Amino acid sequence: MLSVYCVNWGTKYPREFTSKLKESVEKHLTVPHKFYCYTDNPVEEYDVQVKHPHLRGVWHKLALLENTGDSLFFDQDIEIKSNIDFLCEDFDKFSVLDSTPWKPKNIPLLEFRMTQNTLVNSSVMRWSNHAHIFEKFMKHRDMYLRLYAGIDRYIYNENVEYSPIRTDKITSWYQKVDNSAIVIYNGKYK
Amino acid sequence: MTYDQTTINAYKDIKRIAKHFPGRLLDAFECFSQNQYDCKTWLIDCLNQYPYHFKNKTKDSIDIAVLGGWYGLMAKLLSTNFNLKPIDSIYSYDFDPIAKKIGKTLFPEITFIEKDIADLDLNDKHFSIVINTSCEHIEQNLLYKSMDTAPSKTLFVLQSNNYTEIQQHINCVSGLDQFTEQYDSRLENIRAFELEKEKYTRFMIMGVKK
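Which chain is which? The protein sequence lines are A and B, in order. Reading the first sequence from the start, the letters are residues 1 to 190 in our numbering. Reading the second sequence from the start, the letters are residues 1001 to 1210 in our numbering.
Because the hints were derived from the structure by calculation, they are not lab data. What you are looking at is a predicted structure, and each value in this text was computed from that prediction instead of being measured. Accuracy of the hints is not assured; some may be wrong.
Simulated DEER-style distance windows between Cβ atoms [to be verified]:
(1) Asp1184/B x Glu161/A: 54 to 60 Å
(2) Glu44/A x Lys1019/B: 31 to 37 Å
(3) Lys1210/B x Val43/A: 47 to 53 Å
(4) Gln1140/B x Ala131/A: 22 to 28 Å
(5) Gln1178/B x Met138/A: 22 to 28 Å
(6) Asn41/A x Glu1030/B: 21 to 27 Å
(7) Lys1104/B x Val43/A: 48 to 54 Å
(8) Thr1041/B x Gly150/A: 30 to 36 Å
(9) Glu1030/B x Glu45/A: 50 to 56 Å
(10) Glu44/A x Lys1104/B: 49 to 55 Å
(11) Ser19/A x Gln1034/B: 34 to 40 Å
With a Cα cut of at most 27 Å, we get these calculated DSS-like pairs of lysine-lysine [to be verified]:
(12) Lys136/A x Lys1115/B
(13) Lys1015/B x Lys105/A
(14) Lys103/A x Lys1019/B
(15) Lys12/A x Lys1115/B
(16) Lys20/A x Lys1115/B
(17) Lys22/A x Lys34/A
(18) Lys1015/B x Lys139/A
(19) Lys176/A x Lys188/A
(20) Lys136/A x Lys1015/B
(21) Lys139/A x Lys1104/B
(22) Lys105/A x Lys1019/B
(23) Lys1019/B x Lys190/A
(24) Lys1015/B x Lys51/A
(25) Lys136/A x Lys81/A
(26) Lys81/A x Lys51/A
(27) Lys1115/B x Lys139/A
(28) Lys1199/B x Lys136/A
(29) Lys190/A x Lys1199/B
(30) Lys136/A x Lys1101/B
Residues from chain B that keep clear of chain A, each with C-beta distances beyond 12 Å, as calculated [as the list claims (entries may be wrong)]:
(31) Lys1019
(32) Tyr1037
(33) Asn1048
(34) Lys1059
(35) Pro1086
(36) Asn1123
(37) Glu1139
(38) Glu1194
(39) Lys1197
Yeah, the Cβ is synthetic: ideal placement off N, Cα and C, and Gly gets one too.
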């Protein structure tokens, strides 16, 4: 069965974000699935204690890749507005969003490379058997945590093999598009 | 600011890193920051006063290993400021291949070796002194494992801190007592030091392997 994951670590997102996400997944995903929330504060029956206490924040997203089988991940700060069955394909690849459509186009190349910037976004991820990506990270975790502000930069700059999800059904709030199935609010909640 | 050939050379180095390894430029600035400099010169000042005997101390010159050497700041400062003995070679170990490339560019006199501490055998070479200034970043069992590969009478210099707010700091100590106790069974003639920083305290011990 398809597994749908999210992570709620720390205090950035109140519990309501998770329950709202779960409800919207149930409403807009017709494929049979089971919902899990990895958290440092498990309270609901679908909660799972995070497995790597040394990690913080977004890095727990990467740890989800330890889970095998057809899997989807959604960030807490996304809005699902209509059917998302279109995501249930190509699980054999590790897929993340292509952030090019909303990325500022005027970042100088040197600045882009110096800041280890990225053209991927992990607000939505899809995978099945990709534990090796997390294993590589864990092998030299100390260096990667020093070099990268988050997993999007890690994935892009460490040449992790990924497949970009390119669809107008998923947009960023920066784009101000009303009719997409999923809107990601990347950078809205600090 | 004094503008002289040293300044020009520093800018040349920055330009080279920016050109060949742009993603590492900010990391290199951190490596060569005031804080890093202070902690490492403090180490050398204390080391220069270490009174006890250690391996090969009576030889004409000695070899020193720096573990987790990053871009080579510790090794470079040792090469110019260490005065207990003449140095034959300084080996800077780091698992990061880019650290080795940048380090070799900046400090060709240092021997940079790409190796994970987990795979290290300190018996391979005749080090008199082994330095690790990043114990807070490394699991304790790995620290013990690397130490256990070294011959008896090797002088170890170790630094850690109590700065738990940093995600990479997975093995902080609460104080100098805890840090010393961790190595009581492996080291003798231990000297312990602490350095108050703005946000944390840095701890250092040096002792000879039993």
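Here is how each hint holds up against the structure:
1. Asp1184/B x Glu161/A: 54 to 60 Å: The hinted range 54 to 60 Å is violated for Asp1184/B and Glu161/A, with Cβ atoms some 47 Å apart.
2. Glu44/A x Lys1019/B: 31 to 37 Å: violated (52 Å)
3. Lys1210/B x Val43/A: 47 to 53 Å: holds (50 Å)
4. Gln1140/B x Ala131/A: 22 to 28 Å: holds (26 Å)
5. Gln1178/B x Met138/A: 22 to 28 Å: For Gln1178/B and Met138/A the Cβ distance comes to about 26 Å; the hint holds.
6. Asn41/A x Glu1030/B: 21 to 27 Å: violated (33 Å)
7. Lys1104/B x Val43/A: 48 to 54 Å: holds (53 Å)
8. Thr1041/B x Gly150/A: 30 to 36 Å: Taking Cβ atoms as reference, Thr1041/B and Gly150/A lie about 34 Å apart, which means the hint holds.
9. Glu1030/B x Glu45/A: 50 to 56 Å: Taking Cβ atoms as reference, Glu1030/B and Glu45/A lie about 44 Å apart, which means the hint is violated.
10. Glu44/A x Lys1104/B: 49 to 55 Å: holds (53 Å)
11. Ser19/A x Gln1034/B: 34 to 40 Å: The hint (34 to 40 Å, Cβ to Cβ) is violated, given that Ser19/A and Gln1034/B are roughly 47 Å apart.
12. Lys136/A x Lys1115/B: Distance of about 16 Å is within 27 Å: holds.
13. Lys1015/B x Lys105/A: holds (25 Å)
14. Lys103/A x Lys1019/B: Roughly 24 Å between the alpha carbons, so the hint for Lys103/A and Lys1019/B holds.
15. Lys12/A x Lys1115/B: Violated, at roughly 38 Å.
16. Lys20/A x Lys1115/B: violated (47 Å)
17. Lys22/A x Lys34/A: Given that 27 Å is the threshold and the Cα spacing comes to 10 Å, the pair holds.
18. Lys1015/B x Lys139/A: Answer violated: Lys1015/B to Lys139/A is near 31 Å, above 27 Å.
19. Lys176/A x Lys188/A: Answer holds: Lys176/A to Lys188/A is near 13 Å, not above 27 Å.
20. Lys136/A x Lys1015/B: violated (31 Å)
21. Lys139/A x Lys1104/B: holds (24 Å)
22. Lys105/A x Lys1019/B: Between Lys105/A and Lys1019/B the Cα gap is close to 22 Å, so the pair holds against 27 Å.
23. Lys1019/B x Lys190/A: violated (33 Å)
24. Lys1015/B x Lys51/A: violated (42 Å)
25. Lys136/A x Lys81/A: violated (35 Å)
26. Lys81/A x Lys51/A: Status violated; Cα separation ~31 Å.
27. Lys1115/B x Lys139/A: holds (13 Å)
28. Lys1199/B x Lys136/A: violated (32 Å)
29. Lys190/A x Lys1199/B: holds (24 Å)
30. Lys136/A x Lys1101/B: holds (21 Å)
31. Lys1019: Violated: least Cβ distance 9 Å, not greater than 12 Å.
32. Tyr1037: Check passes; 18 Å lies beyond 12 Å.
33. Asn1048: Holds: least Cβ distance 29 Å, greater than 12 Å.
34. Lys1059: With a cut-off of 12 Å, Lys1059/B remains clear of chain A, as the shortest Cβ separation is near 34 Å.
35. Pro1086: Pro1086/B is indeed farther than 12 Å from all Cβ atoms of chain A, at 33 Å.
36. Asn1123: At about 24 Å from chain A, Asn1123/B clears the 12 Å cut-off, so the statement holds.
37. Glu1139: Not fine: 10 Å to the nearest Cβ puts Glu1139/B too close to chain A.
38. Glu1194: It holds; Glu1194/B is separated from chain A by about 23 Å at its closest Cβ, greater than 12 Å.
39. Lys1197: Given a closest Cβ separation of 18 Å, the condition holds.
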